[in-house]
Amino acid sequence: MTTVKVIVAVAIVAAVLSTAFAVSGQSFVGLLATAQDAELKKNTIGGHTAGYGLYDTSGDVLDPVNSYSTASQEVVIDPDKYLRAFDYGRVSTLADGITLREFTLVADDRQVMEISPGVFYNVWTFNGTIPGPTLRATEGDLIRINFINNGSKPHSIHTHGIHKSEMDGVFETINPQGKFTYEFYAEAFGVYPYHCHVTPLEEHISHGLYGVYIVDPKSPRPQADEMVMIMNGFDTDFDTENNFYAVNTIPYYYMHHPIEIEQGKLVRVYLVNMLEFDQINNLHLHGNLYQLYRSGTNVAPDEYTDMVTMSQGERAILEFNYKYPGQYMFHAHKTEFAEKGWVGMFLVKDPAETRLDGGSGSSNSNNFPQTTTISGDVGR
Amino acid sequence: MIAIALVPLVVLAAMIAFIFGPGQQFLGIGTPLPEITIERVEFQEDGIIVAFIRNTGPIDVTVGQADVNDRIQQAAIEPGRELPRFAEAKVIIPFPWNEGEPYEIGVTSSDGTRFSKSIDAAAPAASPDVEQAAVFALIGTYVGIIPVLAGLLWLPFIKRLSLGKYRFFLSLTAGLLVFLGIDAIVEANEIAAVSVAGVFNGQILIVLVTILSFLALMYAASKLGEKRSKGGTSEEAHELPSYDSTHSGQAKTLDQQHHQQQQQLVVKPVAIALMISIGIGLHNFGEGLAIGASVVLGEIALSSFLIVGFMIHNTTEGFAIVSPLAKARVRRMLSKMIIMGLIAGVPTIFGTWIGGFVYSPIAAIIFLSIGAGAIFQVVFLIYRGMAQEEVDRGKIMSNASVIGGFAVGMLIMYVTGLIIPS
Numbered sequence: 001m002t003t004v005k006v007i008v009a010v011a012i013v014a015a016v017l018s019t020a021f022a023v024s025g026q027s028f029v030g031l032l033a034t035a036q037d038a039e040l041k042k043n044t045i046g047g048h049t050a051g052y053g054l055y056d057t058s059g060d061v062l063d064p065v066n067s068y069s070t071a072s073q074e075v076v077i078d079p080d081k082y083l084r085a086f087d088y089g090r091v092s093t094l095a096d097g098i099t100l101r102e103f104t105l106v107a108d109d110r111q112v113m114e115i116s117p118g119v120f121y122n123v124w125t126f127n128g129t130i131p132g133p134t135l136r137a138t139e140g141d142l143i144r145i146n147f148i149n150n151g152s153k154p155h156s157i158h159t160h161g162i163h164k165s166e167m168d169g170v171f172e173t174i175n176p177q178g179k180f181t182y183e184f185y186a187e188a189f190g191v192y193p194y195h196c197h198v199t200p201l202e203e204h205i206s207h208g209l210y211g212v213y214i215v216d217p218k219s220p221r222p223q224a225d226e227m228v229m230i231m232n233g234f235d236t237d238f239d240t241e242n243n244f245y246a247v248n249t250i251p252y253y254y255m256h257h258p259i260e261i262e263q264g265k266l267v268r269v270y271l272v273n274m275l276e277f278d279q280i281n282n283l284h285l286h287g288n289l290y291q292l293y294r295s296g297t298n299v300a301p302d303e304y305t306d307m308v309t310m311s312q313g314e315r316a317i318l319e320f321n322y323k324y325p326g327q328y329m330f331h332a333h334k335t336e337f338a339e340k341g342w343v344g345m346f347l348v349k350d351p352a353e354t355r356l357d358g359g360s361g362s363s364n365s366n367n368f369p370q371t372t373t374i375s376g377d378v379g380r
Numbered sequence: 381m382i383a384i385a386l387v388p389l390v391v392l393a394a395m396i397a398f399i400f401g402p403g404q405q406f407l408g409i410g411t412p413l414p415e416i417t418i419e420r421v422e423f424q425e426d427g428i429i430v431a432f433i434r435n436t437g438p439i440d441v442t443v444g445q446a447d448v449n450d451r452i453q454q455a456a457i458e459p460g461r462e463l464p465r466f467a468e469a470k471v472i473i474p475f476p477w478n479e480g481e482p483y484e485i486g487v488t489s490s491d492g493t494r495f496s497k498s499i500d501a502a503a504p505a506a507s508p509d510v511e512q513a514a515v516f517a518l519i520g521t522y523v524g525i526i527p528v529l530a531g532l533l534w535l536p537f538i539k540r541l542s543l544g545k546y547r548f549f550l551s552l553t554a555g556l557l558v559f560l561g562i563d564a565i566v567e568a569n570e571i572a573a574v575s576v577a578g579v580f581n582g583q584i585l586i587v588l589v590t591i592l593s594f595l596a597l598m599y600a601a602s603k604l605g606e607k608r609s610k611g612g613t614s615e616e617a618h619e620l621p622s623y624d625s626t627h628s629g630q631a632k633t634l635d636q637q638h639h640q641q642q643q644q645l646v647v648k649p650v651a652i653a654l655m656i657s658i659g660i661g662l663h664n665f666g667e668g669l670a671i672g673a674s675v676v677l678g679e680i681a682l683s684s685f686l687i688v689g690f691m692i693h694n695t696t697e698g699f700a701i702v703s704p705l706a707k708a709r710v711r712r713m714l715s716k717m718i719i720m721g722l723i724a725g726v727p728t729i730f731g732t733w734i735g736g737f738v739y740s741p742i743a744a745i746i747f748l749s750i751g752a753g754a755i756f757q758v759v760f761l762i763y764r765g766m767a768q769e770e771v772d773r774g775k776i777m778s779n780a781s782v783i784g785g786f787a788v789g790m791l792i793m794y795v796t797g798l799i800i801p802s
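Protein sequences appear in the order of chains A and B.
Per the numbering used here: the first sequence = residues 1 to 380.
Per the numbering used here: the second sequence = residues 381 to 802.
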């Protein structure tokens with residue numbers, strides 16, 4: 001019996017000690033395993049920013065700065081497509097000669113999609129994307145929005161601008177599976193946001209139920225390379241602070257997919273701030289100044305600058321052209337936002353070279369200037 | 381026979397199969413939330429920050445992104461971004477960090493939840509090379525070995541004490557030890573609260589290991605005593621009865637009584653001193669872990685002031701070892717004392733190595749708790765020994781010098797402990 005007792009006592013002590021050593025030794029085991037795998041697979045990170053060390057890894061690369069997605073089928077938006085996509089609606093002419101533009105917007109709140117590489121979020125969308133489609137009309141047109149709520153919560157569409165009270169999207173909340181038709185005239189040209197106005201408002205907006213609505217003046221603005229940028233962000237851990245910032249949803253997207261523009265050609269950016277939780281947001285343009293049209297409601301610019309600061313719901317039109325070819329950043333000058341994804345790049349091309357290339361379509365990451373090689377599972 | 385014993389297990393297995401199978405539909409109450417714990421962060425010289433993370437939640441997690449001070453950074457994760465339950469991974473972030481500045485390292489899981497750990501002051505990671513090991517060994521020698529050996533030099537002083545004063549100092553030793561035991565548990569609890577994920581039940585582990593360590597050492601001590609008694613002379617084998625008969629005779633001079641006690645204590649004092657040195661060794665191992673880890677984790681600057689504090693504090697430990705030996709006649713006392721001093725002091729060096737190079741909060745908790753259990757067991761032995769020699773048996777705790785010694789012992793530890801900035 002004594003022998004048994006001794007064995008039990010020894011076993012208990014051995015178990016406790018071995019647990020301690022197993023736990024403390026795990027990092028050693030990890031290092032050994034790493035060393036063995038290293039020859040099979042090797043990725044390099046770092047070097048993207050000057051002064052940062054380079055590191056070769058046998059593991060996975062977490063690189064939202066240089067990658068678009070970890071599962072490309074599930075990304076909530078293609079920022080390249082969104083940038084220059086304008087939905088003019090189904091156009092018909094009414095008896096009184098007025099142009100009718102019909103749009104269909106379907107709200108959903110049940111999808112979980114990628115909003116930043118490797119991060120998935122319960123997105124609330126108009127027509128399946130964040131932001132929703134950019135609606136565009138000319139001053140005086142009749143707008144008809146057929147709204148379908150395909151989600152699990154009540155939603156609505158509140159469009160900024162001049163319209164009747166019952167078309168404001170505030171008093172009728174459309175229940176799941178419900179429909180509503182909004183009808184109003186496109187009065188006062190400018191840039192406007194549209195968004196869901198069901199409470200809790202912060203929740204409905206921050207989950208992604210918003211988009212841009214543009215009313216062109218009757219005599220059109222000069223021909224330009226036009227694009228839409230909606231400044232937004234996501235609070236993925238629900239602490240009322242954004243974890244990710246961007247223009248057009250995906251952090252850093254236009255860094256690895258720079259926006260190609262032509263040297264000397266007029267660029268017009270319709271800029272809307274839909275960022276929740278933070279008081280302000282801004283856009284700073286490198287290597288250039290822009291004409292700033294606040295709210296886009298005037299044909300004369302308000303300011304010639306490289307910085308515009310906006311509160312929630314504010315917007316503007318930015319017009320500029322680049323004197324020199326090359327790469328120029330644009331980003332929030334609130335650097336915290338920039339370092340959480342709100343940063344992008346214009347690639348200004350010499351028109352002669354652009355023609356040889358076959359025009360400025362969607363760009364790819366090969367154009368991004370690299371001082372060092374960045375590889376890894378960027379395209380995985 | 382065995383088949384009958386297996387019946388409850390089979391029922392249990394069937395239940396588990398049901399719950400994971402068809403039962404999942406209606407038993408799946410609530411949403412399991414992912415949890416990642418950043419166990420430690422290393423700042424490497426070449427501008428690289430390494431975070432050691434562990435999936436401590438109820439479900440598998442995929443790591444989405446990494447950040448420094450809540451700003452997104454490029455990073456690598458080894459062995460991969462997918463972490464099964466309890467799995468560990470290394471997140472490597474190239475980042476030009478500045479020494480001495482505070483940092484917060486974060487990882488975001490694929491569902492967008494961010495987990496972070498703050499570091500008070502970035503300090504270069506100790507690389508496990510000979511140079512660093514030597515520095516740690518030097519610190520361990522200063523903090524552990526020298527003070528303990530110095531404390532042993534109290535032996536001649538204790539030897540000259542009268543029985544009453546000796547009891548005072550023996551009790552003082554107990555006070556020192558109780559303080560160390562409580563200190564170890566508090567320290568372990570702090571680590572459990574700050575660095576160990578809830579899933580490991582760190583605090584329960586402390587209690588569990590302390591009790592187990594106490595019981596295991598109790599058992600070992602009694603076996604040790606038994607063996608010695610059996611192997612000893614017949615006089616030793618019948619220690620207690622002979623003591624009783626002497627006592628009942630009522631005609632003993634103090635000298636005779638003293639002689640009787642020496643006979644009785646001929647084995648036990650060495651055993652007790654050995655147990656004390658083992659307990660203190662475990663304690664010092666834990667202390668070494670804390671020192672090594674603090675250097676690496678950048679939580680404290682290991683100033684010479686801190687080292688001096690530990691030295692003063694630990695000198696009392698040497699006293700604790702020699703006090704039970706004072707009234708015993710032991711052969712080769714010097715060599716035994718030195719061995720015991722080394723048993724108590726050298727683990728500090730191992731502690732600093734392990735704490736500095738492969739720090740694990742769980743291991744730290746376990747070692748601290750083993751030390752605490754060992755120390756409490758030693759205190760128990762000291763008082764049992766005193767109770768046995770006490771004329772008025774069983775009333776040891778009403779003796780003024782015993783109570784006074786205990787109180788002074790704890791106060792000494794408390795006051796010397798104030799010197800160490802926590």
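Where hints are given, some of them may not hold.
Cβ-Cβ distance ranges computed for the label pairs, FRET-style [what the hints assert, rightly or not]:
(1) Val515/B <-> Asp237/A: 57 to 65 Å
(2) Ser92/A <-> Gly401/B: 37 to 45 Å
(3) Gly313/A <-> Glu479/B: 49 to 57 Å
(4) Phe466/B <-> Gly313/A: 56 to 64 Å
(5) Ala394/B <-> Arg110/A: 30 to 38 Å
(6) Tyr304/A <-> Pro476/B: 44 to 52 Å
(7) Asp237/A <-> Leu798/B: 54 to 62 Å
(8) Val566/B <-> Gly287/A: 44 to 52 Å
(9) Thr240/A <-> Phe466/B: 43 to 51 Å
Here are a few chain B residues that sit away from chain A, every Cβ distance over 10 Å (derived from the structure) [claimed, not checked]:
(10) Pro402
(11) Pro474
(12) Glu479
(13) Leu722
No lab work stands behind these hints: they were computed from the structure.
Using N, Cα and C, we set each Cβ at its ideal position, and we do this for glycine too.
Each hint tested on the structure:
{"no.": "1", "hint": "Val515/B <-> Asp237/A: 57 to 65 Å", "verdict": "violated, 41 Å"}
{"no.": "2", "hint": "Ser92/A <-> Gly401/B: 37 to 45 Å", "verdict": "violated, 58 Å"}
{"no.": "3", "hint": "Gly313/A <-> Glu479/B: 49 to 57 Å", "verdict": "violated, 44 Å"}
{"no.": "4", "hint": "Phe466/B <-> Gly313/A: 56 to 64 Å", "verdict": "violated, 46 Å"}
{"no.": "5", "hint": "Ala394/B <-> Arg110/A: 30 to 38 Å", "verdict": "holds, 36 Å"}
{"no.": "6", "hint": "Tyr304/A <-> Pro476/B: 44 to 52 Å", "verdict": "violated, 37 Å"}
{"no.": "7", "hint": "Asp237/A <-> Leu798/B: 54 to 62 Å", "verdict": "violated, 41 Å"}
{"no.": "8", "hint": "Val566/B <-> Gly287/A: 44 to 52 Å", "verdict": "violated, 60 Å"}
{"no.": "9", "hint": "Thr240/A <-> Phe466/B: 43 to 51 Å", "verdict": "violated, 32 Å"}
{"no.": "10", "hint": "Pro402", "verdict": "holds, 26 Å"}
{"no.": "11", "hint": "Pro474", "verdict": "violated, 3 Å"}
{"no.": "12", "hint": "Glu479", "verdict": "holds, 15 Å"}
{"no.": "13", "hint": "Leu722", "verdict": "holds, 20 Å"}
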